[in-house]
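Chemist: Take these sequences, add in the hints, and give me the full structure.
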Amino acid sequence: MSYVKQWTKRLDKLNFRNMYGNDFFLTWEKTFEEVMATFTVADALRGLREDNVSTKIFDSGLGISLFRDNSTRTRFSFASACNLLGLEVQDLDEGKSQIAHGETVRETANMISFMADVIGIRDDMYIGKGNAYMHSVADAVREGYLDGVLEQCPTLVNLQCDIDHPTQCMADMNHIIHQFGGVENLKGKKVAMTWAYSPSYGKPLSVPQGVIGLFTRFGMDVHLAHPKGYEVMPEVEEVAKRNALASGCTFTKSNSMEEAFKDADIVYPKSWAPFAAMERRTKLYGDGDNEGIKALEKELLAQNANHKDWECTEKLMQSTRGGKALYLHCLPADISGVSCKEGEVAASVFDRYRVPLYKEASHKPYIIAAMIFLSKVKYPQKTLRELADRGKKRFFGVV
Amino acid sequence: MSYVKQWTKRLDKLNFRNMYGNDFFLTWEKTFEEVMATFTVADALRGLREDNVSTKIFDSGLGISLFRDNSTRTRFSFASACNLLGLEVQDLDEGKSQIAHGETVRETANMISFMADVIGIRDDMYIGKGNAYMHSVADAVREGYLDGVLEQCPTLVNLQCDIDHPTQCMADMNHIIHQFGGVENLKGKKVAMTWAYSPSYGKPLSVPQGVIGLFTRFGMDVHLAHPKGYEVMPEVEEVAKRNALASGCTFTKSNSMEEAFKDADIVYPKSWAPFAAMERRTKLYGDGDNEGIKALEKELLAQNANHKDWECTEKLMQSTRGGKALYLHCLPADISGVSCKEGEVAASVFDRYRVPLYKEASHKPYIIAAMIFLSKVKYPQKTLRELADRGKKRFFGVV
Amino acid sequence: MSYVKQWTKRLDKLNFRNMYGNDFFLTWEKTFEEVMATFTVADALRGLREDNVSTKIFDSGLGISLFRDNSTRTRFSFASACNLLGLEVQDLDEGKSQIAHGETVRETANMISFMADVIGIRDDMYIGKGNAYMHSVADAVREGYLDGVLEQCPTLVNLQCDIDHPTQCMADMNHIIHQFGGVENLKGKKVAMTWAYSPSYGKPLSVPQGVIGLFTRFGMDVHLAHPKGYEVMPEVEEVAKRNALASGCTFTKSNSMEEAFKDADIVYPKSWAPFAAMERRTKLYGDGDNEGIKALEKELLAQNANHKDWECTEKLMQSTRGGKALYLHCLPADISGVSCKEGEVAASVFDRYRVPLYKEASHKPYIIAAMIFLSKVKYPQKTLRELADRGKKRFFGVV
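Protein chains in written order, with the numbering used here: chain D, 1 to 399; chain V, 1 to 399; chain E, 1 to 399.
Hints are supplied without guarantee of correctness; some may be wrong.
No distinction is drawn between identical chains; accordingly, a pair holds when it is met within one copy or between any pair of copies.
Below, computed lysine to aspartate or glutamate pairings styled on DMTMM-like, alpha-carbon distance capped at 25 Å [unchecked claim]:
{"#": "1", "residue 1": "K393", "residue 2": "E297"}
{"#": "2", "residue 1": "K393", "residue 2": "D51"}
{"#": "3", "residue 1": "K359", "residue 2": "E386"}
{"#": "4", "residue 1": "K129", "residue 2": "D69"}
{"#": "5", "residue 1": "K359", "residue 2": "D93"}
{"#": "6", "residue 1": "K378", "residue 2": "D59"}
I should point out that these hints are in silico values taken from the structure, not numbers from a laboratory.
Modeler: Shown next, in the form of structure tokens:
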């Protein structure tokens, strides 16, 4: 509980006033201090929970989730975050709703939000669509709030779009900070964000994009490597370049996994679909061209198969700094010989990093909770102190 | 908070004792004072929430929902109402249950209700079935309670049946009361409840029926207009007639949208299926006659298409009192040129009324909460005062 | 509230220390005193709820459910139990998750458990699989907890596996104890656990197995009867034999329903699939042999049809002790002439026992809650007293 002082002190030094009442779409739309405030509040909420202190700031209220793609960990992370703060999750299942009736986004967004304090959306399948959809929902509920339709304005949290996966990359980054003993130790570290082979098709680009867009802000040299043809969105590369310039580090691109891994402190080998192919797919879906979609899938799998050598092997790991780079993955990984014949990572590498990988994932619920907290709570330090002082137990049956 | 006195004073003047421990099926089964008490409690709960006062009267307990038809707004309204009062929603998904095993309604109803305080059901598809089903559930749990099987008797709330849609029509009516500045201002106002063209098939009759069954109790002249062949249930027309007689207003029927709109203060143009066709459909479903159902659908769409001129146009709106009638809809509406080529309402009309329409919908969660509250709480005024005095914040992080 | 003393006194005499921090898989893995402690805590939680005392020991936290088979009553019982203790249910729907991506059980189990206090699993379809799967989940989260991945170790509660159905059989047993006025009155009573005809296919063996594995511990003579070919798992029969020896009663097997019912004090006639057939089915599923599965289904239904005389008739009931044996069933039952043409039980027998049957089922939510409580709470007597002293109302609006 004495930690509370430590967290609030850290927050005192940061300017994050603009997070109050605002949504969380892309990490690079937030200032560095806002990003740091999110990490700090995430740690504070975790610390309070570990001390068996309730962090319920809501006595009632809904947290609405909308998953336009399958999800396990993000679904449970969002549910956990909402529950931790006192919100009840209500999933918007588009199959069970009247949305198919041709209802507008504006209308649906308002109709479900009369008692909603947060809306979390995952919509990562089609380039140019997911983030735009989230904005249309956020605009709709803000308008509804200003018009007096809604008594409160629900905060939108991006649970993965076509551009960024902020809750994932923020969890990854907070993991790094904890592993390296503080953000001050990251300066000059080398990160390899690389493509890796997977026998599956059409994985979103939001993770590599989110990583280069966020990690370049911490003074780390970020090396993005992928086979030719697996380019990510050029706009996000521009973001990474600007970030690198501003934080005094480098953002490098190559087509060599070896080059990227060489002396790296952190490696993040992960499969994704080529941006250009995703754009084609978006168009094919728009046209309802099922034959075209199938043909594209075949083509992409064949293209992937040309790059089976992009695997995170023991040999590659040995080439990293002291052979001990921190291995990251958003999970689930395609593990060679385990979840598939040939995949992103050798089983022995994955196994060695299993515990840190799971810890990496454990940050996500707290990151989401912090995003909600900072949007809802006007004076976070004060409220954190009050929660500690209130001293309500999370679990009553404790000794 | 000083408002609490105002609400409890209003309640003091009403006799609604019989709502305690009872269900909510049809508005006309409730006395006028009971209906008014529901509005008053709805407003009180809303006022308390707006003042950041928790209205959780349950510390634990389930609110069970059963939707036999797709639903967005009613689903979220029910979830919001339960959450507001402290109940956790548990959806009974008949697909995931053993109900298909030939289990009786009586048995299922008891098996899911050991810790249930409310059951909300939407079953509006087949004439003569939905309301009857709700009664069989309510009877089953009451019997279970009297037999000592259940420790509490769950309240049944009709979330739309074949006869009435009480949570919708009560929300509509509370909207009207707020828009017109009080129930005392409704006397002599003209309401046009009219059919409108829709390219979709088989919309329930519960909204027009609910409207004529409720609005005629407020001294308003209700005009029901529809093309020939789109009659509603005769029993409900009888209810409307009796209500009109008792409240000193008129209930008129015609086959002219123009006549209905002429000098109307309130218009509610909305599509529905003909009662006789719905009866035929119910029989076809009962016989499992899929060919017959398809043929009927085709026939009904063709029949609808004969009445595309039943659209709420700007011209029609101009014919209303001062050209400014309050436009109502339960949403989603079929908006011409937006959600369909030709529909119930012109886009410009709909757009002009968008904010009031959304406000109309915003009453529903509170109406549902009030129905639950009045069935569960023995001394509502006392409990409202105690909630205000308890002063538990809904949101803890407020300034 | 004075009852609290009574329950804690009973608990004082029992040694159940080993339940703290442990899972609940099979009843015979628990000592007799642990089983008795579970009944006592179930009654205590029920008593407190009936006295309108909140038993929420969790302020936040998730209760995760995973149903690999359809479920109504167990689903709602688990939801009720979690809600009663303050946990929010989050269902793991394998269809909506990424588990299909080939993710390991170990990984999924950890990923969903960051804020989970309990995991309830129903997996009863395949011999040799369900219980093993539950153990792999429990091992995974325990490892995650020890590795510092999880801040708390979720308790695993077996909601029905291929071997046992502990929450059902414990509810059945607590019902018997209440009906007979105490566990001391059960010595020497005769129980008939018999097969019964059903027109449906592949009902799990976990109920008869659970019954013979549990009831033999209470000094009751348990008679297991079924047609030839409907043997249960031999390992569980061994358990029943050992139990009978230890508790000084008998465990008898026969192929005669008449013999089993003769002078029985308790009868539990219920259909199940032959163990050997279930083993074949498991293999066929493993091989993906759909033709083989269909053929087996046909064969089993034909085999069942040879034993339509295994019905719990009035005549059979008359042969029980004083014609008044307590009739048990886990529900839903196949009632002749009601849910099927010919079934497990005559309609008049079922009807006469309807209320006690529903009461039997009413114990399940409390049994589950007690299992969770005893795993989570270190000093149950102390916590029960504190809950009573805290005096938080479950329902605030009470007189």
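Chemist: Against this structure, judge whether each hint is valid.
Modeler: Status of each hint after checking the structure:
no. : hint        : in the structure
1   : K393 / E297 : neither (52 Å within a copy, 53 Å between copies)
2   : K393 / D51  : both (9 Å within a copy, 23 Å between copies)
3   : K359 / E386 : neither (28 Å within a copy, 35 Å between copies)
4   : K129 / D69  : within (13 Å within a copy, 29 Å between copies)
5   : K359 / D93  : between (30 Å within a copy, 24 Å between copies)
6   : K378 / D59  : both (17 Å within a copy, 23 Å between copies)
Checked against the numbered hints given earlier, the structure breaks hints 1, 3 and satisfies all the rest.
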